[in-house]
Each structure stands twice: as structure tokens, then as C-alpha cells.
Amino acid sequence: MAEMHTATTITQLRMLVSYAKKAGSKIGFVPTMGALHEGHISLVHQARKQCDFVVVSLFVNPMQFGPDEDFHRYPRPLQNDLQLCSDAGVNLVFNPSVEEMYPTGFATTVEVNRITNNLCGKSRPGHFKGVTTVVMKLFGQVQPDVAYLGQKDAQQALVIQRMACDLDLPIEVVICPTFREADGLAMSSRNRYLSNEQRSVAPLIYKSLCLLKEEVALRKHALCIQYREELLMRLEAIPKGVVDYVEIVNAASLEVLEKMSGTVLVAVALKLGNTRLIDNILINTSA
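For what it's worth, the working numbering labels the leading residue of the sequence shown as 1, then goes sequentially.
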């Protein structure tokens, strides 16, 4: 296996990627905030299958955190992340500083409208502007052929797809399935915040989503409001859980639906203590 390189500056990154491009390599890119887990590594594995040279970014992006969110305490286990990347066959890790990404005088943002209006966009004002700005910068720096994102962050993935399409970026954005713990909990860097008690009830989020999918298969109702209310009741029954949102939306446009039709995305966010967990499930109602 080839040696893994690391870069902390945009100049170093571009030089190493240019060598790979000159050698005819197809560039795959996995943007992350670090604190890697098997979900991230599953994206790396997909990139390795389809590309010759895989880049992973490790950057906790301050622009996507609200003033009362967890930017300063967000986990940053750099050495562990580097080892995981090396073991997974990553060719290049980009680990810039905040100053490298946002130098003095930085004054440009990128914003996607409409599909950022609900779900996490409604709960976290300004969040997606921070996401799209940093990903646009990373796309410009890495210049990948393909970028790999996870379905767990469904809205984020769709927002980045929309940005790439609207701005004519020559980058394919691939959305890969959510990677889960054995008990169904969607893997997330924030899961490490959970207490033992919170961790024991967290799988009820996914179980509630699966129950809804079963009910849809039985065609219990046609109206989304009935499914939403049932799902909301189940989530509110999770001990010490506080529901942020429960929505049933069109899987492509993220518009709230009145009736179950086509491919729908059922998306939820719930807080356990100070930890905000999100999850979702896709349902093809035509199947």
C-alpha cells in the first residue's frame, strides 16, 4: 500500500493532488470534520473502489456552528483519525488550521436556498451557509472528480449536490448509505457525548423510523400527518429525549408532503441531554 501523505496548507495539498492528476489518477474526496468512525471509513472504502487517489479532509469548520453549539468541545482525536485513514488506504489527508481556511479579510459565503429552509436548516440558522462555503472551498482546493457523503446527513448531502449542480462544478457527488451500530443507532462523531443511559435509549430513534416504514408498507394511512403524529409520539416517549423536528418530505426537493407518494424522506432530530442526534429513512411508497 502506498504511503499516506498529509498536508496542512492549501499549497501542499494542491501540489500533491497535481502529482496524482498528472499520473492520470481519478481523485476521490471525503470531506469530514474528523473524529472519524466506521461510517466515515465506509465512504473511504467506496472512494477506493471507484477512484485511484483518495483525499480525506479533517477540519472542524467554525462557520457551521451556532453561538451556543459545540465547536470548542467538538472531538479532535487527530492521531487516531490519521491512523484510521492510513489503515483504510487513504492517499492524502488535508488537516488545515482555521487561519489557513479563513485568512484575515475573508468575506465570501456560498448559500443554497429553498432546500435549506426546513429540517436542520430551520433549527440551525446559518448552518448550511457554513457547510456550503467550506465545501465549496474544499472542492476548489482538492478539485476531486467524485465526492462521497453519507445519507445520515441527508439534507446536507442534497444541499451539496444542489450546489455542485447549480454552480456547474465538474464533480460527481455520491450519497452512500447510513452506517449503523449493531443496535441500529446511526454512527455519528457526537455519539461519544452520550452517557450510558442516553446511549441505551438512542437506538429507539431508528426503531421508531423502521416502525413507520412497516406501517407504510401495510398502507395504514394515506396522509402524512397521521404517520408524523404517530412517529412524534414514539420519539416523545424516549426517556429524557427532546424532539427538535419530525418531518415527512419529498426525498429530492425536501418539500413537506401532505400525502405519501413517490420516494419520501422521513427525517428526525432529537436531543438527549446536550447531544443532538439526527436520523432519517427513505421510503419508496410506490414499491
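Treat the hints with caution; some may be incorrect.
[To be verified] Once the Cα atoms are required to be at most 16 Å apart in a straight line, the calculated EDC-like pairs of lysine to aspartate or glutamate come out as: (1) Lys129 - Glu172; (2) Lys207 - Glu172; (3) Lys271 - Glu111; (4) Lys207 - Asp183; (5) Lys259 - Glu236; (6) Lys129 - Asp145; (7) Lys271 - Asp70; (8) Lys207 - Asp168; (9) Lys26 - Asp52; (10) Lys271 - Glu69; (11) Lys122 - Glu215; (12) Lys259 - Glu197; (13) Lys122 - Glu230; (14) Lys137 - Asp183; (15) Lys137 - Asp168; (16) Lys21 - Asp145; (17) Lys220 - Glu236; (18) Lys271 - Glu236; (19) Lys220 - Glu258.
Keep in mind that the hints were calculated from the coordinates and are not lab data. Here the structure is a predicted model, which is why all the values come from computation and not from measurement.
Hint check results:
1. For the proposed pair Lys129 and Glu172, the alpha carbon gap of about 21 Å is over 16 Å, so the pair is violated.
2. Distance check on the hinted pair: Lys207 and Glu172 sit about 32 Å apart at the alpha-carbon level, beyond 16 Å; violated.
3. For the suggested pair Lys271 and Glu111, the alpha carbons sit about 26 Å apart, so the restraint of at most 16 Å is broken.
4. Taking the CA atoms of Lys207 and Asp183, the gap is near 9 Å; set against the 16 Å cutoff, the hint holds.
5. At roughly 23 Å between alpha-carbon atoms, Lys259 and Glu236 are farther apart than 16 Å, so this suggested pair is violated.
6. For the suggested pair Lys129 and Asp145, the alpha carbons sit about 23 Å apart, so the restraint of at most 16 Å is broken.
7. A distance of roughly 13 Å separates the Cα atoms of Lys271 and Asp70; the hinted pair therefore holds under the 16 Å criterion.
8. Proximity of Lys207 to Asp168 is assessed by CA-CA distance (about 39 Å); at most 16 Å being required, the pair is judged violated.
9. Restraint check for Lys26 and Asp52: satisfied, since their Cα atoms lie roughly 5 Å apart, inside the 16 Å limit.
10. Under the criterion of a C-alpha separation no larger than 16 Å, the hint pairing Lys271 with Glu69 is consistent with the structure, at around 13 Å.
11. Distance check on the hinted pair: Lys122 and Glu215 sit about 28 Å apart at the alpha-carbon level, beyond 16 Å; violated.
12. At most 16 Å may separate the alpha-carbon atoms for a hinted pair to count; Lys259 and Glu197 exceed this at roughly 37 Å.
13. The straight-line distance between the Cα atoms of Lys122 and Glu230 is roughly 22 Å, outside the 16 Å bound, and the hint therefore fails.
14. Of the supplied pair hints, the one linking Lys137 and Asp183 is violated, its CA atoms being roughly 36 Å apart against a limit of 16 Å.
15. Note on Lys137 and Asp168: the hinted pairing holds, with a Cα-Cα distance of about 15 Å set against a maximum of 16 Å.
16. Taking the CA atoms of Lys21 and Asp145, the gap is about 10 Å. The hint holds against a cut of 16 Å.
17. The hinted pair formed by Lys220 and Glu236 fails the criterion: a straight-line CA distance of about 21 Å is larger than 16 Å.
18. This hinted pair checks out: Lys271 and Glu236 have alpha carbons roughly 11 Å apart, not beyond 16 Å.
19. Proposed proximity of Lys220 and Glu258 is supported: the alpha carbons are some 15 Å apart, at most 16 Å.
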